[in-house]
Each structure stands twice: as structure tokens, then as C-alpha cells.
Amino acid sequence: MTTYREAMREAIRVAMKSDERVFLMGEDVGQYGGCFAVSKGLLAEFGPERIRDTPLSELSFVGAGIGAALGGMRPIVEIMTVNFSLLALDQVVNTAAALLHMSGGQFNVPLVIRMATGPGRQLAAQHSHSLDGWYAHVPGLKVLAPATLEDARGMLPTALADPDPVIILEYTRLYGLEGDLAADAGAVPIDRAAVRRAGTDVTLVTFGGMLAGTLTAAEQLARDGVSAEVIDLRTLRPLDDATILASVRKTHRAVVVDEEWRSGSLAAEISARIMEGAFFDLDGPVGRVCGAEVPMPYARHMEEAALPQVATITQAAHALVGR
Amino acid sequence: MSTTSEVAPVATAAPAPASAASPADSAHALHLLHELVRIRRFEERCAELYRAEKIRGFLHLYIGEEAIAVGVIQALGPEDAIVSTYREHGHALVRGVSARAVMAELYGKQEGCSGGRGGSMHLFDVKTRFYGGHAIVASCLPVALGLALADHMQHRKRVTACFFGDGAVAEGAFHETLNMAALWRLPILFCCENNLYEMGTPLASQHSETKLAAKAAAYRVPASAVDGMDVEAVERAAHEAVQAIRDGKGPQFVEFLTYRFRSHSMFDPDQYRSRVEATEWLQRCPIKTFTARLRERAALDDTSMATIEAEVLREVDDAVAFAEAGTWESVESLTRHVYSSGGASR
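Chains as they are written, first to last, in this note's numbering: chain A, 1 to 323; chain B, 1 to 346.
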């Protein structure tokens with residue numbers, strides 16, 4: 001048995017052992033072992049040069065990751081949470097994503113940025129963001145959303161082998177996810193979405209922290225006689241349109257489950273692409289189950305009301321299927 | 001404002017060497033003058049070409065500040081790196097990016113040093129380790145930090161020179177970067193080009209402490225302030241600072257007091273500076289004062305000055321002809337360089 005957290009740690013450890021250029025840098029990654037304990041034990045194994053604690057300077061240590069990548073290293077920069085990544089947005093958007101292009105192809109940035117993300121822990125308005133779509137909006141970035149142990153273990157090495165900046169979103173509610181991981185688990189491709197459950201009546205498109213809830217909803221739907229296919233996007237940029245459209249052409253109905261705020265969300269983009277690519281295959285409008293448009297409240301019942309729940313997913317599917 | 005000591009709150013550069021110059025010194029001095037004139041004439045032509053609508057977008061001229069690029073870059077070797085701002089034509093030219101490639105970039109031609117994708121604010125050149133061309137104020141500092149970190153971690157004895165203005169010192173990135181550079185003792189030369197205005201707002205309206213070197217010193221980065229209008233003073237300060245870095249003494253900060261003779265950009269009506277102030281600074285023009293000094297030393301005569309001007313004119317004319325003859329990239333390749341694979345973004 002292993003956990004999502006341990007799978008991440010193993011991915012970092014193996015990468016650092018196999019490539020001298022790889023190092024980990026961020027707040028509390030060393031002595032503390034990582035805010036979410038992902039890097040626990042790595043300081044003892046690799047030392048403070050390569051498991052590098054930084055001051056609370058998100059903008060500059062992300063920028064330093066860019067510079068180090070330009071200088072021949074393969075940095076993994078950990079931003080404690082997506083909320084704090086807003087302090088580093090300038091370097092991510094204006095430099096990392098744009099440098100290859102504005103230098104006319106001369107300077108690529110092989111940088112991996114990991115950040116914990118997602119709501120659901122009663123952390124209120126400043127520690128519960130879902131901004132997956134913000135990052136997926138930016139050309140020049142690749143954005144990964146590991147939702148399984150295999151992807152937690154396998155996406156990092158693929159990201160490190162990529163010549164361009166890659167953001168890995170780690171969903172805090174998944175860190176404790178437990179299961180079996182093959183002994184030889186390793187790098188996985190990052191160019192395809194995955195069908196996590198096959199079905200015929202409706203396609204549920206989701207990713208990251210909502211995958212588990214969506215699969216639970218699909219089970220309930222099955223008991224109620226509705227066969228739901230569940231697609232895990234895995235990579236939020238570039239989007240694997242082909243897998244989404246092939247499913248929708250088969251089921252003729254789609255609901256996008258996304259815990260981001262609905263306006264301008266990734267769900268909006270996916271819905272539009274389904275409309276563009278499979279409009280005449282649809283038997284009804286694309287549905288969306290998204291987060292409520294409110295800064296995240298603290299009280300548990302209010303937080304639950306602000307987020308997609310299994311019941312809201314099944315309701316949306318039933319409404320669309322008509323039974 | 002006219003002497004080094006008056007603008008040096010933290011440390012003072014060494015005094016100028018005696019005036020009797022060896023032939024090698026004279027040749028070097030003429031080289032410095034040539035570089036100063038080269039930037040000046042190149043950019044004067046840029047301004048003309050902007051008015052002729054050959055160059056578009058933002059165009060930030062370095063005229064008046066040339067001594068800093070010319071002086072500092074003398075202290076760097078080919079293995080060192082430069083990261084700069086959006087007012088970087090001078091740095092690129094002195095570093096060895098050809099006038100042709102820079103001018104073609106300003107034209108937006110694919111023969112430009114950034115393939116026409118960058119323009120005036122984003123000059124890049126991998127061959128000379130010229131890492132741009134960054135147009136968000138202070139965003140070049142963290143990038144320089146990372147380049148120096150890579151050298152440190154790979155045990156390479158290289159220096160990264162980072163140019164930025166007084167405006168950058170008000171940004172958080174400056175403070176974060178200075179702190180980390182000192183904490184990790186990274187080989188960075190911080191070159192603050194203090195031209196007294198953050199676009200249109202004077203230094204004293206932006207900084208509680210206007211001696212910017214003092215801020216660097218607060219992070220335990222050895223800091224000095226130098227007359228940025230004096231190319232020889234700049235060069236001496238840069239050599240000292242670079243030597244300290246190569247000796248393993250960690251990052252160094254030099255504040256260069258200077259003045260922009262032109263507006264912030266071609267869009268700027270320049271109504272915030274007094275005529276009196278501008279006139280005073282014009283007396284300290286780096287070309288004018290250096291020319292006078294060389295004539296005093298008998299290291300320059302009318303013939304050699306005319307030769308420099310003729311060579312520079314030839315180079316600028318050639319650069320313009322090259323840019324004019326340059327070609328436009330096909331729009332079919334619009335999405336090139338978004339990802340290294342060359343594939344279009346989805």
C-alpha cells in the first residue's frame with residue numbers, strides 16, 4: 001500500500017537520484033519536510049543544496065527556478081499552495097510561459113512547479129482556491145492534474161523530461177489517498193485524458209480533486225439505471241479534445257464537474273469545445289456542476305454548499321438523461 | 001551631484017589613475033569612446049526610424065546612460081551572463097549582439113535577434129548569453145538569481161550581471177532577490193541604473209531612502225554608488241565588484257547615478273523634468289565629458305574622433321540596410337515557439 005503523498009515523494013527521490021541537475025526548492029521543503037510532508041526525509045538523503053529551503057519569497061524563488069532552468073539545472077519548485085502562487089504569477093505568466101516565444105525560440109524553460117491546491121478542508125477564503133483554469137489559460141505552460149496514485153508517481157518524471165515549464169497541481173484532499181502501486185510504476189504519458197469508467201448514457205468530464213466524487217456519483221447513477229462514462233482530463237493544458245469528443249459522440253450527453261468558480265472556468269472551456277466539436281451529436285445542452293461563486297466560507301455546511309457534491313452531480317446527470 | 005564621493009553613501013570607487021596613459025590604455029579608452037558613440041548614434045537613428053514608423057511598439061532609449069553598459073560590460077567575460085530590462089539596446093550592443101540583429105529586431109524582421117517575436121523590449125541572444133530584455137520592472141532580478149544559483153550548484157566560476165533601474169528597487173522582487181542572493185552568496189553583479197525617475201515620478205516621491213545602495217547594504221550585499229556618467233569610473237567599479245564576486249565574496253551591488261536624456265518612451269511627452277535640471281545633466285553627457293578628458297590627455301584628436309564617427313555611421317547605416325532588407329516571418333508559423341516541440345497550443 002502507498003499513498004498519493006508517498007508516490008509524489010518517490011517520484012522526486014528517483015528523479016534526484018537519476019539526474020544530478022534535479023533539485024527541489026521551496027518553503028519548508030527541507031527541515032520541515034514540506035507543508036504536506038511530501039519531501040519528508042529527502043533533506044537527510046540529498047542535503048540542503050538540493051533540498052533547498054527558501055525564504056517566503058514566492059515571486060523570486062519561482063523566478064530563480066526559471067533562471068536555474070536556463071542555467072542548465074532541472075529545478076522542481078514547490079509553491080506551498082495555489083493561494084500563494086498568486087504572489088508568483090508575474091514570473092509564471094510573464095517570464096516562464098513567454099520566454100521561449102519572445103526570445104524567438106532561443107531560451108526554453110525546463111521548469112517544474114508543484115503546488116498544493118483545492119478546497120474542502122474548512123480553510124476559508126484565502127486557503128481554498130481552485131484556479132486550475134487560470135493556469136490552463138496560458139499558452140506556453142503545461143498543466144497537470146494527477147488524480148490517481150499512478151499519475152502522482154508518473155507525471156513528475158515526464159514533466160522533468162519536458163523542455164518547457166510544467167505546473168503540477170497536487171490536490172490536498174488526495175494526499176492521504178491509499179492504494180496499491182505497481183513496484184515498477186514510473187513515468188506516464190501526459191498527452192491523453194483517461195476514461196476512468198466506461199458508460200453509455202452520459203459523459204461526466206472531471207479532473208483532480210473531483211475525480212473520486214464523480215466516480216462515486218457514477219456508481220450511484222448505475223444503481224439508478226443510468227450508465228455514466230467518467231473522463232479524467234489528467235492534463236488541463238493542452239486539453240485532449242479527442243478523448244472528450246469521442247465519448248460525447250457515443251453518449252450524446254455531457255456534464256462537466258469542476259470545483260472552480262463557474263464563470264470563466266475550465267468547465268466553460270470544455271463545454272464550448274464540446275459545442276464546437278460535437279454539437280450535432282448532443283441530445284441536450286452540456287451541463288456544468290461547479291463551485292458556487294462566492295469566496296470560500298469557513299463553516300463546514302456552508303463550504304459543502306459551495307462545492308460540487310455527489311448528489312449535485314447525480315442530479316445534473318439525471319436531469320440531462322431525463323430519468 | 002558631480003563627484004563620486006557625493007553620490008556614494010556606502011563606499012567610494014578608487015580615484016582615477018594618473019593622466020599619463022600608455023598606448024594600451026589609450027587604445028582601450030578609444031574603444032570605450034567608440035562604444036559610447038556607437039550606442040548614441042544607433043539610438044538616435046532608432047528615434048528617427050520610430051517617427052518614420054519603421055519601428056513601432058514601445059521604444060525606450062538609453063541615450064545619456066551609455067557609460068553604464070559600456071563600463072560594466074568591460075568587466076565581463078564571454079562565459080558570464082547578462083539579464084536586463086526593456087531599456088537594453090545598449091547592453092545588447094556592447095555585449096556583442098550585432099547592430100544588424102538588434103535593428104532587424106526593432107523592425108520586427110525574422111533576421112532580428114529574437115526572430116521578430118520580441119521587439120525593442122525583448123532582445124535575446126543565446127550566443128552571447130544575453131538573457132533579455134524583460135519588460136516587467138524588476139522581473140529580471142529573480143531570473144538572474146536563478147542563473148547564478150545554477151552556476152553555484154554546478155561549481156562554475158561565472159558571473160551574472162543584472163541591470164535594472166531605480167524603479168525596480170521599489171518592487172518586492174528586488175528585496176526578495178537581494179535577500180536570497182546574500183543568503184546563498186550567489187555570484188551576481190547588481191547594476192542599478194538610477195536615472196532619478198520611475199517613468200515620470202521622481203525618486204524622492206517613491207523611496208523613503210533615496211540612497212539606493214543603502215538598501216542593498218541592508219541585505220548585507222556590499223554596495224557602492226558611482227558616477228554613472230563617467231565611463232572610466234563605471235569600469236573601475238565594475239572590475240572591482242566582479243573581482244570580488246570571482247573571489248567568492250558573493251553578490252555585489254553598484255548604484256550608477258545617471259540621467260535619461262530622452263523621454264521614458266516615445267509616448268512620453270516628458271513634462272515632469274525641469275529644463276534647468278536637464279541642462280545641468282546634459283553638461284555631464286558621458287560622451288562629451290569623456291571626449292574632453294581624452295583630449296586633455298592627448299589621447300584623442302580630431303582625426304581619431306572623425307574616424308570613430310565614420311565607423312559608427314557605417315555600422316548604423318549597414319544595420320538599417322540589413323533591417324530594411326530583412327524578411328517577414330510567414331504567419332503560418334504564428335504558433336511556433338509556444339512550446340519547444342513546435343506544436344500549436346491547444
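Check each hint, because a few of them may be wrong.
A few chain A residues facing chain B, derived, Cβ under 10 Å [to be verified]:
1) Lys17
2) Asp19
3) Phe23
4) Leu59
5) Met73
6) Phe84
7) Leu87
8) Asn94
9) Gly104
10) Gln106
11) Gly140
12) Pro189
13) Ala222
14) Arg223
15) Asp224
16) Gly225
Everything labelled a hint here was simulated from the structure, so no lab data went into it. A virtual CB, placed ideally from N, CA and C, is assigned to each residue, including glycine.
Results for each hint:
no., hint, result
1, Lys17, "violated (16 Å)"
2, Asp19, "violated (13 Å)"
3, Phe23, "holds (7 Å)"
4, Leu59, "holds (5 Å)"
5, Met73, "holds (5 Å)"
6, Phe84, "violated (13 Å)"
7, Leu87, "holds (8 Å)"
8, Asn94, "holds (5 Å)"
9, Gly104, "holds (3 Å)"
10, Gln106, "holds (4 Å)"
11, Gly140, "holds (6 Å)"
12, Pro189, "violated (14 Å)"
13, Ala222, "violated (32 Å)"
14, Arg223, "violated (36 Å)"
15, Asp224, "violated (35 Å)"
16, Gly225, "violated (36 Å)"
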